[in-house]
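Undergrad: Chains as they are written, first to last, in our numbering: chain Y, 1 to 356; chain L, 357 to 612.
What the hints contain is simulated information worked out from the structure, not anything from laboratory work.
Only a predicted model underlies this, so the values are computations on that prediction, with no experimental measurement involved.
Some hints could be false.
Stated by the list, open to error - Okay, the calculated bits of chain L under chain Y, using three or more residues with CB under 8 Å as the criterion: (1) 440 to 447; (2) 457 to 465; (3) 473 to 484.
As the list claims (entries may be wrong) - Estimated spans, in silico, between C-beta atoms of each pair: (4) Y/His-144 / L/Ile-603: 48 to 54 Å; (5) L/Ser-500 / Y/Ala-16: 35 to 41 Å; (6) Y/Val-210 / L/Met-573: 31 to 37 Å.
Where is the CB? At the ideal position from N, CA and C, for every residue including glycine.
Below, each chain spelled out in residue letters.
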Amino acid sequence: MTQFRRYIPVIAVAIAVIILQVVLSKTGSTYYMTQITMSAFYALVVIGLCLLMGYAGQVSLGHAGFFAIGGYTAAVLTTFNLTAYSNTPVVSLCRSLGLLVQRQDIYGTDILAFSAWPAFAAAILLAIIIAFLIGLPVIRLKGHYMAMATLGFGLIIYRIVLGGRIFGQADGVSNVPPFRIIDGLEVNGRAAFRIESYYIAWFVVLAAMVLAINLVHSRVGRALRSIHENEEAAHSLGVNTYRYKLLVFILSAVFAAIGGVLLTHYNGSIGPSEVTVMKSVRYLVIVAVGGMANLWGALFMGVLLNFLSLRGVFGSYDDAVFAVILIAIMLFAPQGLLRMLNIRKISSLLPRRSNA
Amino acid sequence: MPEAMLETKKLHRFFGGLHAVNDVSITVSQGTIKGVIGPNGAGKTTLFNLIAGTVTPHDGDVIFRGKKITALKPHAVASRGIARTFQTTKLFAHMTVLENVMVGRHSRTKCGFISGMLNLPRTWHEDKQIKAKSLEILKDLGLSEHAFEKASNLPFGRQRLVEFARALAMEPQLLLLDEPAAGLNIYETKELARLIKWIRDRGVTCLVVEHDMSLVMAICDEIVVLDQGRKIAEGPPRAVQRNPEVIRIYLGDNDA
């Protein structure tokens, strides 16, 4: 079945992930896993952006904003102490619905706050609403006008986070509890949960990849690519270009927000550095290096570059490195690094892939 | 008299001070090929765009199979059964020929974001049908051997043919052809004439904007002549050819 050929790389990556874990555990270097897990969460943003930019051809320089909307919503809802409001009808309603949890923070004070799942749901819902409202006008813009508008959106989120007391201003929000997905399975930054979180992260990433790959190969994926190639022609063939661009914008925002929520629980905190323009640029660079309309390239580069960055390989030149990569890619390999190595030639030696 | 497939009623469109389309009413009968001719700047392409929804009229109506489609967006016009080709071929250059044609099935299929992402059985069942239908159309137009080639790699004449295939994939009731012979050589134009007649014989009504008089005279059942935004003649090719007004704008009169 040619249908299932597209999932072969998913299985290959899953096996590689397992092998990597075994090797790291055997060699006693599991600490690498922490950065790999974080990179995997960042890769979620990149996968969404790849659909938006690489396939639909819509540039966004504001995706760190959506990452932050996810992360901060989860952080605030799971840490904001509602004890003082416990008698108000809204809070007692939430409590009776089982959305709240009573726990102790690291200083031993009792905290009544939202548990992780409702916070997650709220974060995604908020990302959808904001992406919809921002998308309505922004999606009408073309090329660099859209880039500028989304850049502005990112800046607004940055200033809100930096100025809002509830967002901890320059300090961000810390003491975010782990995300217990089900009993005995949680996204937790502590060393004891390293392997568990690593697998959860990769499960989520590969699930996102499967969804994205399916989408790209579907009628919708073809429509998105046709918009990228020639919007007028796509429109004349019955593709509701505005609607499709808006929906893929929202979808990519949701991917970014999920990444934000999970990483925030994993790190136990989120700060304004996650919302800077350079973060948005970084995601864009990764999609470009990965080869634009190339989900696997984006995933590979997303994990690799974020891992190197988190390991501190680029030192204090971190942002500069990404900027240089962007310039170099645009000048020398607009098809992306992997294309430059001529993956096509290699893959043409393999059994023929279904083209549809 | 066959049923009217498309009617425009007193269409008007201005571009700044230019009255590009001025009170144009035409009727396209079902199962016929209608030609729109006229000198450069006569308003032919604007009339086309008014029908296709790319440009909205300032006054007047477009009626398709008895229903008003005035000022609908292009995708809505397309989903009602009107396909079009462009003056300069607008293929999806980096997609394969087959994928180009598959996009043409868009308005005839349903799969959305969610079912696309989940790849539900009915999604890939639908996709299989899209592919089969598209391959069938490519075969009809003699493009089978190019199905898996990148569209931009094809020679120009073939690219135009792919655009036809893509439009036919919509299974339209009306096909708008914007200067289909532009850039084609004599042989290719002859092929084109045969193709357009074949399309009509399959029950697709055609409206053709064209400069190439020999082509228009050879294939059209009826012709509309525009000049400076106005309709100056309408009728069968022979009658239009003899129309003194038409002869004047094409050959010039003594005062010119």
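Undergrad: If a hint holds in the structure, say so; if it doesn't, say that too.
TA: Here is what the structure says about each hint:
no.	hint	result
1	440 to 447	holds (count 4)
2	457 to 465	holds (count 7)
3	473 to 484	holds (count 7)
4	Y/His-144 / L/Ile-603: 48 to 54 Å	51 Å, holds
5	L/Ser-500 / Y/Ala-16: 35 to 41 Å	39 Å, holds
6	Y/Val-210 / L/Met-573: 31 to 37 Å	57 Å, violated
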